[in-house]
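Trainee: Take these sequences, add in the hints, and give me the full structure.
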Amino acid sequence: MPEPVLEIRNVSKTYTGRRGLFGKSDPVDALRDVSLTVARGESFGLVGESGSGKTTLTRSILRLEQPSSGQILFHGNDMAALSPRSLRRLRARIQIVFQDPYASLNPRMTIEDIVTEPMLIHRDIVGLDRAARRDRAAELLSLVGLGSQLLRRHPHEFSGGQRQRIGIARALASGPELLLLDEPTSALDVSVQAQVLNLLIELQDRLQLTYFFISHDLAVVRYLCTRVALIHHGRIIEEGETNRIFDAPQTEYARTLISAAPEVRVPA
Amino acid sequence: MSDVADISMPHAEAAPRREGLARGWFRFRQSRLSMVGAALTFVVLFFAVFGMMLAPYPEHVAGGIETGLRFLPPSWAHPFGTNELGQDVLSLTMAGTTVSVLAGFGVVLIGTLIGTVMGGIAGFAGGWLDEILMRFTDLTLTIPSLILAMAIAAALGPGFENMVLAISLSWWPGYARLVRGEVIGAREEVYVTAARAIGASPTRVLFRHILPNCVSPIIVKMSLDMGFAILTVAGLGFIGIGVRPPTPEWGTMLSNARSYMPDIWWTAMAPGTAMFLTVVGFNLLGDGLRDILDPKGRR
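Sequences listed follow chains A and B, in order.
If you read the first sequence in the numbering used here, its first letter stands for residue 1, the second for the next number, and so on.
If you read the second sequence in the numbering used here, its first letter stands for residue 1, the second for the next number, and so on.
Among the hints, erroneous ones may be present.
To be verified - Here are the computed distance ranges between Cβ atoms for each label pair:
#1 Leu64/A x Thr273/B: 53 to 59 angstroms
#2 Ala39/B x Gly160/A: 23 to 29 angstroms
#3 Ala132/A x Val215/B: 28 to 34 angstroms
#4 Val28/A x Ala39/B: 43 to 49 angstroms
#5 Ile143/B x Val28/A: 39 to 45 angstroms
#6 Asp129/A x Pro212/B: 20 to 26 angstroms
#7 His156/A x Val43/B: 33 to 39 angstroms
#8 Val28/A x Pro202/B: 42 to 48 angstroms
#9 Asp124/A x Thr142/B: 57 to 63 angstroms
#10 Pro202/B x Asp247/A: 28 to 34 angstroms
#11 Arg206/A x Ala22/B: 22 to 28 angstroms
#12 Leu21/B x Val28/A: 46 to 52 angstroms
#13 Ala132/A x Ala22/B: 31 to 37 angstroms
What the hints assert, rightly or not - Computed, partial: chain B to chain A, Cβ under 10 angstroms:
#14 Tyr191
#15 Val192
#16 Arg208
#17 Pro217
#18 Ile219
What the hints assert, rightly or not - Just a sample of chain A residues kept apart from chain B, beta carbon distances all over 12 angstroms, derived:
#19 Ser12
#20 Gly51
#21 Thr58
#22 Gln95
#23 Leu143
#24 Gly145
#25 Ala219
#26 Tyr223
#27 Asn243
#28 Thr256
Note that these hints are calculated values from the structure, not bench results.
From the three backbone atoms N, C-alpha and C, an ideal C-beta is built for every residue, glycine too.
Mentor: Pasting the structure below:
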């Protein structure tokens, strides 16, 4: 197995109950003892229903949230032990594409501002001046299949698929090696979904990216991912090669999930 | 999105910003009241700048007295009559616009500044800092502005700057509450999470991502508040702790006119009407701006 990029070791996250007017609500176990390893260059799929802990896990990987226990290692370094400075440098190497392309772009910024912002924040790593950043932004836009003349526009002038491409361009701007894809196609039309998925596959080939793909859409996961883990109520139920999971699921939950999915023919 | 946006897509290429302005202007023009408000506001701002110069009796504006001409009723020479010192009321009213509008702007600007800083920090930081800042805001809200202004005038002496300062100090809590609410709403937006995931500093997140998305309601509140601020300024002038004569000011003029009411009614007419039209103008303008900037707030 190639070198692991991301290792998640026994991560649990419990949201403590809120004190309200009528006493305390129960604590919620969002993640229970989750362990996963994502190898370099692979597409790892995480499948689960709504509320199964997928989003909590991504937020923990991005360190937008602290796990209650366990470790998350990036290239063997515990992310919780990093200094704020190193953590900031690390953020350039892990990026995320969000589910909702309508909410994930700041409506007050132009496309140029949106795509150049990661380069501006990480200018000590990326090392580009203003003009070079603009050129790079134009380059990124053409990489995701958009014209560079769109740099001056605002997000509201674009369709959902175009916005998601802009979101991908932003995620690529700081030159990351690991991309978290949080249901990047579930808010899009079916025809556009295929385009975006193909774009993601093409980008992975060109830029040697590692994908951590989160979805509840089994067909999409089967199309894109080499390995899959199923998560249910914050616990990893089953993990393995995509074909193995789909052809010979070991657990009852996996069988239910797969048989419940509508029949889809995978395009060749 | 609106269908207007889709139709205009091909032309938006050259100047999307101008396109947005044109669309806003179109929607603004749809409402006649908004246009009346804009026109009134324009007239008020015009007199605020040129009132002193255009006044037919500039010597009266400067403090000149002609006791022989006191209490003349409205005529062609003096359309709004003359006051107890024989000064032309029209000239004084025109010149008085400057003080009122300047003070109104000052109060609203300082209030917005303090309120945005307080509300922005409270909403962004949350927790105990939020708690402390907002309780302090509540505390300030309990102090009546006129009383505070009187106290400041007593301590520092009456005058334009002290008056503006005094009113601003009791004016900012409204903005602090508005901004805090907006910031708390914007803080949870996905694009803010995206910025944090990129590694943006808290300052950058606040100033680049959160606050720019809160400006529309602030601008609307500013234009709605202008009228009330001008009214408060006139109120201070009325009770005699605002701008000192001979500087013409609407509140002071009304206060002086009060002693000769109702026989000499014209000395109160001009400044009263001016104040009324100014407040109505700014309020209508604010309502119109809300319709184009903040569609959610439309009634």
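Trainee: Hint by hint, say whether it matches the structure.
Mentor: Structure-based check of all given hints:
Range check, Leu64/A to Thr273/B: about 58 angstroms between beta-carbon atoms, so the 53 to 59 angstroms window is met. Hint check: Ala39/B to Gly160/A, Cβ distance near 42 angstroms, so the stated range 23 to 29 angstroms is violated. For the pair Ala132/A and Val215/B, the beta carbons lie near 31 angstroms from each other, so the given range of 28 to 34 angstroms is met. Val28/A and Ala39/B have their C-beta atoms about 57 angstroms apart, which leaves the hinted 43 to 49 angstroms range violated.
The hinted window of 39 to 45 angstroms between Ile143/B and Val28/A holds, with their beta carbons roughly 44 angstroms apart. For the hinted restraint 20 to 26 angstroms between Asp129/A and Pro212/B, the CB-CB distance of approximately 24 angstroms keeps it satisfied. Distance hint check for His156/A and Val43/B: the Cβ-Cβ separation is about 35 angstroms, which falls inside the suggested range of 33 to 39 angstroms. In this structure the supplied range 42 to 48 angstroms is violated for Val28/A paired with Pro202/B, their Cβ-Cβ distance being about 27 angstroms.
Distance hint for Asp124/A and Thr142/B: a CB-CB separation of about 49 angstroms, inconsistent with the stated range 57 to 63 angstroms. A beta carbon spacing of about 49 angstroms between Pro202/B and Asp247/A contradicts the range 28 to 34 angstroms that was offered as a hint. For the pair Arg206/A and Ala22/B, the supplied restraint of 22 to 28 angstroms is violated, since their beta-carbon distance comes to about 41 angstroms. Roughly 47 angstroms separates the CB atoms of Leu21/B and Val28/A, a value that falls within the hinted 46 to 52 angstroms.
Taking the beta carbon of each, Ala132/A and Ala22/B are about 34 angstroms apart, inside 31 to 37 angstroms as hinted. Taking 10 angstroms as the C-beta contact cut-off toward chain A, the hint placing Tyr191/B at the interface holds, the least distance being around 4 angstroms. Below 10 angstroms, beta-carbon pairs count as interface contacts, and Val192/B has one with chain A at about 8 angstroms; its hint therefore holds. Using the Cβ-Cβ criterion of 10 angstroms, the hint placing Arg208/B at the interface with chain A is satisfied: the shortest such distance is roughly 8 angstroms.
With a cut of 10 angstroms, the hint placing Pro217/B at the interface with chain A is violated, because the nearest CB-to-CB distance is about 14 angstroms. The interface hint given for Ile219/B is violated, since its Cβ lies 13 angstroms from the closest Cβ of chain A, which is over the 10 angstroms cut-off. Its beta-carbon lying about 22 angstroms from the closest one in chain B, Ser12/A satisfies the requirement of being farther than 12 angstroms from that chain. The non-interface label for Gly51/A is consistent with chain B: the shortest C-beta to C-beta separation is roughly 18 angstroms, beyond 12 angstroms.
Not every C-beta of chain B lies more than 12 angstroms from that of Thr58/A, the closest at about 9 angstroms, which undercuts listing it as non-interface. The beta carbon of Gln95/A is not kept farther than 12 angstroms from every beta carbon of chain B, the shortest such distance being approximately 7 angstroms. Look at Leu143/A: its CB is around 18 angstroms from the nearest CB on chain B, clear of 12 angstroms, so calling it non-interface holds up. Distance check on Gly145/A: its Cβ is at least 18 angstroms (rounded) from any Cβ of chain B, clearing the 12 angstroms threshold; non-interface status holds.
Listed as a non-interface residue, Ala219/A keeps its Cβ farther than 12 angstroms from every Cβ of chain B; the least gap is roughly 25 angstroms. Against chain B, the non-interface label of Tyr223/A holds: every CB pair exceeds 12 angstroms, the least being about 25 angstroms. Every C-beta of chain B lies more than 12 angstroms from that of Asn243/A, the closest at about 32 angstroms, which supports listing it as non-interface. Here Thr256/A stays apart from chain B, with its beta-carbon at least about 31 angstroms from theirs, past the 12 angstroms limit.
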